[in-house]
Amino acid sequence: MADRPVPIVEKRLLDVKLGELVTWIGGRDATPNGIFAALRRGHDRYYNKYINVKKGGIGGIAMLLVGYVAISYLWEYDHIKHDRWRKYH
Amino acid sequence: MVLSFFDQFMSPSYLGIPLMALALILPWTLYPKPTSQWISNRVLTLQGWFINRFTQQLMLPLGRKGHKWALLLTSLMIFLITLNMLGLLPYTFTPTTQLSLNMGFAVPLWLATVLIGMRNQPTIALGHLLPEGTPTPLIPVLIIIETISLFIRPIALGVRLTANLTAGHLLIQLIATAAFVLAPLMPTVALLTATLLLLLTLLEVAVAMIQAYVFVLLLSLYLQENV
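Chains as they are written, first to last, in this note's numbering: chain A, 23 to 111; chain B, 24 to 250.
It is worth saying that the hints were derived from the structure and are not from the lab. One or more hints might be untrue.
[Said to hold, decoys possible] Straight-line C-alpha distance at most 16 Å; calculated EDC-like pairs for lysine to aspartate or glutamate:
id: 1; chain 1: B; residue 1: K56; chain 2: A; residue 2: D66
id: 2; chain 1: A; residue 1: K103; chain 2: B; residue 2: D30
id: 3; chain 1: B; residue 1: K88; chain 2: B; residue 2: E248
id: 4; chain 1: B; residue 1: K91; chain 2: B; residue 2: E248
Chain B extracted, bound-state conformation (with noise of 0.2 Å):
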């Protein structure tokens, strides 16, 4: 049986069950309802602290109309962050990691704006392809290029969330197998790969949550110029 280092990143079966069924369901289970009660306890009172903050950063830019999204922008953070830092334990599958999944989030999402700025204001939407103040000579190319860089939009996000989180699993599982296996023959360097593993498990962490947020908050943008 072929080992290689992708073998983390295909959904192992059980009983039927893919692993991924599981990995989704779980920030479900994470996050407690709120109740009626004044002061709640400590997970709770951090997590309606945590979505108030954020909800309230994100929806800024955006106009009454934007505030329809706020359930929808909030509630995806939460669940790409939650996904994301889950997948850093040992032995967890990631979704994220899956294009289909980063897709599957992103098209919709995209699409969608885009069809709310054609249909609601389309002079203003197709506006947005000619930046202001371009020389006259340079307006056909330009228009096409912004069209290319618009329906370029989804894929980036999709590739964007993937890459930086396979990257990130691939190379700490490379930099493990090296501390690892350089541990009984050089301790010295063994002992400077596991410094460098560490760093690098923070940068994960951080990448972590700075992808979910990066994702979102585009989104945010593009809403922002369609709604």
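Isolated chain A (complex conformation) (with noise of 0.2 Å):
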């Protein structure tokens, strides 16, 4: 059956078809207000499917840290990166 037409902001980013991304990235909310609304609605997202849960492991934690680990590791990598060219330390 048909769907209703519906705008192309408005869309998820996964039903977005390929020729229509460049309009949906154009169209998103990118002042403060948005991009906290962005990170709040990822962070309900995580929270409530790996922590908020019944019987949630240490996984939900475990996987946050590695995440902050690894963006640690991306923001000193032009420092960190002399570490390994070096020949005597």
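Take the two lone chains, each set in its own frame, and fit them into one complex as the hints suggest.
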């Protein structure tokens, strides 16, 4: 059955067709409020899937910490790369 | 480019944002907000249990007037303990190794306790400068000594936290480098060094928690004298 036409900007990312991608990105709310709203949505999705469950395990927080380590490594890469390339420490 | 062992204490910038900003914001995201559900998830239950027990223990020696400080002291403790423990993960940055941050915590809070004491009960607050039962000839010297010790408290608070964490991180880096360099040359010695590293890491975990606790405990002690 035919769906009612939805404006491109309001579609979810996986429903957007490749040709409409640029329009989609351009139309997203990039104001600070919009960014906070997007962060809040992402946080709520993660929290409700992995932590706010009846028998949550260590995985929920462990994934967060591993992500933090990965981001820290990326942040420091410009500094750390000299360590690897050095011949004498 | 000169690489030294102290490079881990520099806060690197990426796209103009220092890593310190991320490290300072992260503890806030790790503790979920309690809901009004009767039975919440495991993380919230543990968190609530810990906070309740800790606040109860901390507020025991303080009177009613000191209970106003409960929120500040408990949140400070949670913040410090999270910062310290997160700093033990690889490649992360520990904000509490920076003297500026620790002095920023120590000086205003210590000053608040002193001002509260001076304002509400000036006689008792000044009376703390002379312990009971001192022999009369010693009184002038002792007052000077006690005043000096009073003014050294914020410096001691800040420097204690900084020095402990910095020393711990430095030791871990040194011993890890030693084990790494020795591994192809003398495997047995490298194994011993690796065992030492394991024990040191366990110690560092303990130090991280203890130092945060000591910081908050001393503050509550200063408050107890003055409130």
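Mind checking the alpha carbons of K103/A and D30/B for me, to see if they're no more than 16 Å apart?
Cα-Cα ~13 Å, so holds.
Are the Cα positions of K56/B and D66/A separated by 16 Å at most?
Given that 16 Å is the threshold and the Cα spacing comes to 12 Å, the pair holds.
Under the criterion that the straight-line Cα-Cα distance not exceed 16 Å, is the pair K88/B, E248/B satisfied?
holds, 12 Å
Is K91/B within 16 Å of E248/B, Cα to Cα?
Holds, at roughly 15 Å.
Every hint from the earlier list agrees with this structure, and none is contradicted.
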